Amino acid sequence: MKPRSFLESFNSAAEGILYVLKTQRNMRIHFLIAIIILVGSLFLRPPLSPVELIILSLTIALVLITEMINTAVEKTIDLMSDTYHPLARIAKDITAGTVLIVSVVAIVVGYLILFRRYLAPGIETAIANVKASSAHITFVSLMVVVLTVILFKALAARSSGFMLSGGMPSLHSALAGAIWIVLSLVSGNPIVIVLAFILALFVAQSRIAKGIHSLKEVAFGALLGILTALLIFQLFRRII
495 MKPRSFLESF NSAAEGILYV LKTQRNMRIH FLIAIIILVG SLFLRPPLSP VELIILSLTI
555 ALVLITEMIN TAVEKTIDLM SDTYHPLARI AKDITAGTVL IVSVVAIVVG YLILFRRYLA
615 PGIETAIANV KASSAHITFV SLMVVVLTVI LFKALAARSS GFMLSGGMPS LHSALAGAIW
675 IVLSLVSGNP IVIVLAFILA LFVAQSRIAK GIHSLKEVAF GALLGILTAL LIFQLFRRII
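So the numbering used here is basically just the index in the sequence shown, starting at one, shifted up by 494.
What the hints contain is simulated information worked out from the structure, not anything from laboratory work. If you're wondering where the values come from, they're calculated on a predicted model, not measured in any experiment. Do not take every clue at face value.
What the hints assert, rightly or not - Calculated cross-link-like contacts (lysine-lysine; reagent style BS3-like; alpha-carbon spacing at most 30 Å):
(1) Lys569 <-> Lys516
(2) Lys516 <-> Lys710
(3) Lys569 <-> Lys704
(4) Lys586 <-> Lys516
(5) Lys569 <-> Lys586
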């Protein structure tokens, strides 16, 4: 059935991501590697430039996209024929080859951007670099929150309904909680902290009021977002 609205189209796309995560071991591995790379990039000296961060993000996205295309082609071929055919095997091998090529490119990009720079020799130097890059930490924190929530949804998804229309945990409340913590740590302004907290409460309350999430799902999502963002900031901004 064709989705009736933009939100349902978006949710259908998210359901596709969830399906690949639930059924494909390689996709789950790619997600974990993406989280490790994003967090590990905080240790680089000097910090990544905006262009390098964009290239790194696009490379990660390209690996995930090709893995999804590979899965889609495999499922389509299986739907068309349940018996072995040489052409079907060739089609599957070709799509698997695209994943391999992109993975090799990702390794090259990772080597050129990450490993050639070397990791910071000491924790004090790493923290000093990160403290000068609040925007970098904020970006990485929010990306890690999103990836973590998606992984949780892949493990505890409902058997029916759209991925973004419910389920454990709430992505909206996770992001709202993470943004509140980020604004609190970066600004240090009491007014900003209070206003951001009120907005986060409004986001959580709206998800419950619309019947999209339960109180448990919203609370767990907010807690997950807050703790994830706080952990990253504590590790790279507060520990001396």
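How the hints compare with the structure:
For the hint pairing Lys569 with Lys516, the CA-to-CA distance comes to about 14 Å; that is within 30 Å, so the pair holds. Proximity of Lys516 to Lys710 is assessed by CA-CA distance (about 23 Å); at most 30 Å being required, the pair is judged to hold. Distance check on the hinted pair: Lys569 and Lys704 sit about 35 Å apart at the alpha-carbon level, beyond 30 Å; violated. For the hint pairing Lys586 with Lys516, the CA-to-CA distance comes to about 20 Å; that is within 30 Å, so the pair holds.
At most 30 Å may separate the alpha-carbon atoms for a hinted pair to count; Lys569 and Lys586 meet this at roughly 10 Å.
The structure fails hint 3 only (numbered hints given earlier).
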